[in-house]
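Colleague: Here the protein sequences come in this chain order: A and B.
Residue 190 in the working numbering sits at position 190 of the first sequence; the count goes up by one each step and never skips.
Residue 217 in the working numbering sits at position 217 of the second sequence; the count goes up by one each step and never skips.
In case anyone wonders, no lab produced these hints; they're calculated from the structure.
Glycine is no exception: its CB is placed at the ideal position from the N, C-alpha and C atoms.
A portion of the hints provided could be inaccurate.
[To be verified] Covered by chain A, per the in silico footprint, the following chain B stretches (three or more residues, Cβ under 8 Å):
1) 25–35
2) 79–93
3) 161–174
[As the list claims (entries may be wrong)] Simulated DEER-style distance windows between Cβ atoms:
4) A:Asp23 with B:Glu110: 54 to 64 Å
5) B:Asp128 with A:Glu289: 16 to 26 Å
6) B:Asp133 with A:Gln107: 12 to 22 Å
7) A:Arg35 with B:Pro34: 46 to 56 Å
8) B:Leu9 with A:Arg35: 45 to 55 Å
9) B:Thr81 with A:Gln129: 54 to 64 Å
10) B:Leu9 with A:His398: 13 to 23 Å
11) A:Glu474 with B:Glu52: 51 to 61 Å
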Amino acid sequence: MSTQQTELKGTVKERAELALNNDFLRQAVRFTTERLRSGKLKAAEEHGNWDEWRERGRQIRLHTIAHLDYYLGEFANNARENGVHVHFAETAQEAISIGLEIAKAKQAKSAVKSKSMVTEEIHLNQALQSIDCEAIETDLGEYIIQLANETPSHIIIPAIHKNRYQIAELLSEDAGETLPPETSVLAGYVRKKLREKFLQADIGVTGCNFAIAETGSIVLFENEGNARMVSTVPKTQITFMGMERIIPSWADLEVMATLLPRSATGQKLTVYMSGITGPRRAEDGDGPEEMHIIILDNGRSLQLGDPEFQELLNCIRCGACLNACPVYRHIGGHAYGGTYSGPIGAVLTPALQKNVAEWDDIANASSLCGACYEACPVKIPLHDMLVSLRRRKVEAGHDNALERIGMKGFATVMSSVKVYHSALKLGKIGQKAVVRDGGIRVKIGPLKGWNSYRVAPSISKQLFREQYSELRSELGQQAKEADPAVAARMQQWLTGRDGGASHE
Amino acid sequence: MSDHREDWLKQLDERSKQKQEQFLSGIAAKLNRPRVTEKPQRPLRGAPEFWEQFELSEADKLDMFQRNFEAAGGYVLSAATLADASSIIASKAAELQALHVLRQDVELLEQLGLEQALPQVNVRSWNDDQHEDWKARAAEADIGVVLADYAVAYTGSLALMSSKTKGRSVSLLPTLLVAIVPRSSVVTRLGEVLKQFDEPQQLPAGIHFVSGPSRSADIENDLTIGVHGPGIVYTIIVDNL
Numbered sequence: 001m002s003t004q005q006t007e008l009k010g011t012v013k014e015r016a017e018l019a020l021n022n023d024f025l026r027q028a029v030r031f032t033t034e035r036l037r038s039g040k041l042k043a044a045e046e047h048g049n050w051d052e053w054r055e056r057g058r059q060i061r062l063h064t065i066a067h068l069d070y071y072l073g074e075f076a077n078n079a080r081e082n083g084v085h086v087h088f089a090e091t092a093q094e095a096i097s098i099g100l101e102i103a104k105a106k107q108a109k110s111a112v113k114s115k116s117m118v119t120e121e122i123h124l125n126q127a128l129q130s131i132d133c134e135a136i137e138t139d140l141g142e143y144i145i146q147l148a149n150e151t152p153s154h155i156i157i158p159a160i161h162k163n164r165y166q167i168a169e170l171l172s173e174d175a176g177e178t179l180p181p182e183t184s185v186l187a188g189y190v191r192k193k194l195r196e197k198f199l200q201a202d203i204g205v206t207g208c209n210f211a212i213a214e215t216g217s218i219v220l221f222e223n224e225g226n227a228r229m230v231s232t233v234p235k236t237q238i239t240f241m242g243m244e245r246i247i248p249s250w251a252d253l254e255v256m257a258t259l260l261p262r263s264a265t266g267q268k269l270t271v272y273m274s275g276i277t278g279p280r281r282a283e284d285g286d287g288p289e290e291m292h293i294i295i296l297d298n299g300r301s302l303q304l305g306d307p308e309f310q311e312l313l314n315c316i317r318c319g320a321c322l323n324a325c326p327v328y329r330h331i332g333g334h335a336y337g338g339t340y341s342g343p344i345g346a347v348l349t350p351a352l353q354k355n356v357a358e359w360d361d362i363a364n365a366s367s368l369c370g371a372c373y374e375a376c377p378v379k380i381p382l383h384d385m386l387v388s389l390r391r392r393k394v395e396a397g398h399d400n401a402l403e404r405i406g407m408k409g410f411a412t413v414m415s416s417v418k419v420y421h422s423a424l425k426l427g428k429i430g431q432k433a434v435v436r437d438g439g440i441r442v443k444i445g446p447l448k449g450w451n452s453y454r455v456a457p458s459i460s461k462q463l464f465r466e467q468y469s470e471l472r473s474e475l476g477q478q479a480k481e482a483d484p485a486v487a488a489r490m491q492q493w494l495t496g497r498d499g500g501a502s503h504e
Numbered sequence: 001m002s003d004h005r006e007d008w009l010k011q012l013d014e015r016s017k018q019k020q021e022q023f024l025s026g027i028a029a030k031l032n033r034p035r036v037t038e039k040p041q042r043p044l045r046g047a048p049e050f051w052e053q054f055e056l057s058e059a060d061k062l063d064m065f066q067r068n069f070e071a072a073g074g075y076v077l078s079a080a081t082l083a084d085a086s087s088i089i090a091s092k093a094a095e096l097q098a099l100h101v102l103r104q105d106v107e108l109l110e111q112l113g114l115e116q117a118l119p120q121v122n123v124r125s126w127n128d129d130q131h132e133d134w135k136a137r138a139a140e141a142d143i144g145v146v147l148a149d150y151a152v153a154y155t156g157s158l159a160l161m162s163s164k165t166k167g168r169s170v171s172l173l174p175t176l177l178v179a180i181v182p183r184s185s186v187v188t189r190l191g192e193v194l195k196q197f198d199e200p201q202q203l204p205a206g207i208h209f210v211s212g213p214s215r216s217a218d219i220e221n222d223l224t225i226g227v228h229g230p231g232i233v234y235t236i237i238v239d240n241l
């Protein structure tokens with residue numbers, strides 16, 4: 001049951017083409033993202049003062065990340081006080097080897113897992129399999145994806161790309177009998193099957209939505225109850241967390257609990273929100289006897305101290321940017337080729353791996369419309385980051401030679417009025433050979449890339465530049481003084497724009 | 001075997017403490033400053049100030065809790081006394097032909113007198129016998145009965161804190177969950193419950209907020225109830241407790 005898929009297969013364009021040719025996928029992604037997005041908008045509006053909450057969420061995340069060494073240390077020390085065995089791993093390999101050491105010491109035959117993007121990131125399942133420890137995903141969507149030997153294509157709805165007939169087929173094979181393509185039957189089968197797995201498992205593996213520094217607690221948000229199972233039933237619990245998951249206090253959790261479920265699914269709160277503070281107490285009748293927390297860097301610290309990308313660590317993994325993104329909504333998650341998809345994935349994947357050159361095409365899979373920023377509950381400027389990534393790629397010399405020459409030519413023409421004017425005139429004559437129905441459709445030379453998908457506009461017969469002096473004199477006669485109230489308001493707005501909340 | 005395990009864990013912890021220093025110093029270096037060892041000053045903490053002022057009247061709290069909990073697929077009933085609550089549970093048990101009922105070992109729940117009200121049913125009390133396999137008892141239970149510590153109106157959530165007598169499995173493994181909530185335990189905001197965990201104290205190992213039945217929309221966005229946790233959840237708000 002390999003879930004290896006970080007190896008890039010082809011370019012984002014090729015992967016997107018595959019996705020665009022799959023009607024069901026396109027429709028399902030569009031429908032689901034639309035449902036989640038409108039749910040989010042409704043929930044945010046109903047709650048009210050959404051921007052104030054977003055700003056509060058952003059401030060909490062900024063403060064924590066700016067003092068991450070303090071809060072992470074505080075968290076680790078408090079978790080130890082609670083009886084947790086805390087581990088630090090700089091790389092995916094280190095996290096895996098700690099996890100395997102624990103599994104081996106327990107002679108574990110099986111591990112049940114609740115949803116965790118970090119374990120996807122480090123490929124924990126294959127590692128466990130390699131020591132003959134069965135790793136079982138227990139989130140319904142994740143279980144389906146695991147049977148199909150695929151990776152999640154959406155942070156919140158991992159099996160968004162599968163229809164119920166495909167799911168019935170997968171589960172029928174798993175069950176050894178034919179199951180009808182009815183959701184309730186299929187879910188019922190998984191409930192029964194996984195019940196046994198929960199009760200037999202030696203180890204429970206969870207992710208971590210938030211870790212509370214002041215009390216050493218971890219917090220999990222979920223709807224199915226599988227994360228509660230995983231953290232209640234097996235004797236040993238291993239929690240994998242990205243090192244940036246920290247918030248200082250339970251009071252701060254109220255803000256995150258307000259932002260995360262609403263942004264992810266439009267819920268007021270997920271069905272279960274669990275705060276787990278250490279293993280079972282001596283007198284308790286259930287809960288894990290032994291609890292480990294593995295804190296992972298794996299490229300996250302590369303963002304620290306980088307003014308353009310540090311805010312990436314503020315991400316609370318809600319998936320709202322995926323649902324808002326016009327590109328994601330068309331091509332789906334797998335086209336991004338990494339563990340994380342959508343706008344956040346387009347920035348996070350190259351940022352975590354620091355190999356901008358290899359992932360540069362993902363940064364190009366964005367229209368820079370800023371819908372991701374608008375949707376983000378902690379106001380991460382993802383569209384700015386995408387531009388920075390593109391710039392860094394060019395600075396590192398990974399640009400397209402033809403594009404570079406073209407840009408140089410463009411700069412030469414644009415920097416001189418005379419040259420620009422002659423170029424336009426020349427163009428007006430030159431284009432006559434290729435203009436059809438007012439547009440240019442030939443796919444030759446520099447026009448090939450653009451015209452493969454669109455029609456280039458032709459140069460107008462009457463140029464704006466040629467009409468300008470006429471227009472100006474017409475306007476001059478009509479122009480009146482602006483309404484002083486409007487002028488004052490606009491001036492105030494301009495001033496206010498500079499004085500936005502500053503970073504710490 | 002046990003000694004061996006202790007030694008191994010000690011070794012792991014030692015290794016981790018050394019690594020911690022290196023790890024945290026690495027973070028400080030990336031942030032271009034020395035290690036922060038004093039608690040940082042915070043300009044703000046928790047929810048916005050205006051939110052802290054938000055407080056509903058008792059009637060509105062009950063009303064809002066009911067609306068939110070039911071919107072999530074749960075049921076809210078009210079009972080004047082524990083005896084009334086008991087008869088509600090008994091009628092549900094009869095309706096479902098329940099064979100096993102598990103309740104937390106809490107005095108108030110003992111006062112429900114479920115053993116007497118359901119003579120045909122195997123009613124057990126969580127963790128009253130050390131030698132019992134309590135996970136198995138919870139897994140076979142048709143109905144789990146718990147005493148919720150709080151109910152939060154604004155999110156429609158029950159707050160359950162674990163302890164010796166209040167097992168986490170009781171609210172998780174049975175098919176149907178009944179939560180008893182004293183009317184006085186209904187609060188307006190989530191923060192009212194969360195903030196008290198910031199006070200110096202030993203927290204319970206498990207703090208669980210439950211907002212309705214277990215659910216999933218993972219198959220074609222089709223809402224499925226009762227995926228892993230209880231598929232039916234009743235909250236009974238009791239007036240005189």
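Colleague: If a hint holds in the structure, say so; if it does not, say that too.
Modeller: Structure-based check of each hint:
Restraint check on the region 25–35 of chain B versus chain A: 8 residues with Cβ-Cβ distances below 8 Å, three needed, restraint holds. Check on the region 79–93 of chain B: 0 of its residues sit with their Cβ under 8 Å from a Cβ of chain A, so the three-residue criterion for coverage is violated. Note: the region 161–174 of chain B has 7 residues with beta-carbon separation from chain A under 8 Å; the three-residue rule is met and the coverage holds. Checked against the hint of 54 to 64 Å, the C-beta distance between aspartate 23 of chain A and glutamate 110 of chain B comes to roughly 60 Å, which is consistent with it.
Between aspartate 128 of chain B and glutamate 289 of chain A, the C-beta spacing of about 20 Å keeps the proposed range 16 to 26 Å intact. With their beta carbons about 21 Å apart, aspartate 133 of chain B and glutamine 107 of chain A fall inside the hinted range of 12 to 22 Å. Checking the proposed 46 to 56 Å range against arginine 35 of chain A and proline 34 of chain B shows it holds: the Cβ atoms sit about 49 Å from each other. Judged by the Cβ atoms, the range 45 to 55 Å given for leucine 9 of chain B and arginine 35 of chain A holds: they are separated by roughly 46 Å.
Judged by the Cβ atoms, the range 54 to 64 Å given for threonine 81 of chain B and glutamine 129 of chain A holds: they are separated by roughly 56 Å. Taking 13 to 23 Å as the suggested C-beta distance range, the pair leucine 9 of chain B and histidine 398 of chain A does not conform, at roughly 47 Å. The hint said 51 to 61 Å for the Cβ distance between glutamate 474 of chain A and glutamate 52 of chain B, and at roughly 58 Å that hint holds.
Going down the numbered hints, you'll see the structure goes against 2 and 10, while the others check out.
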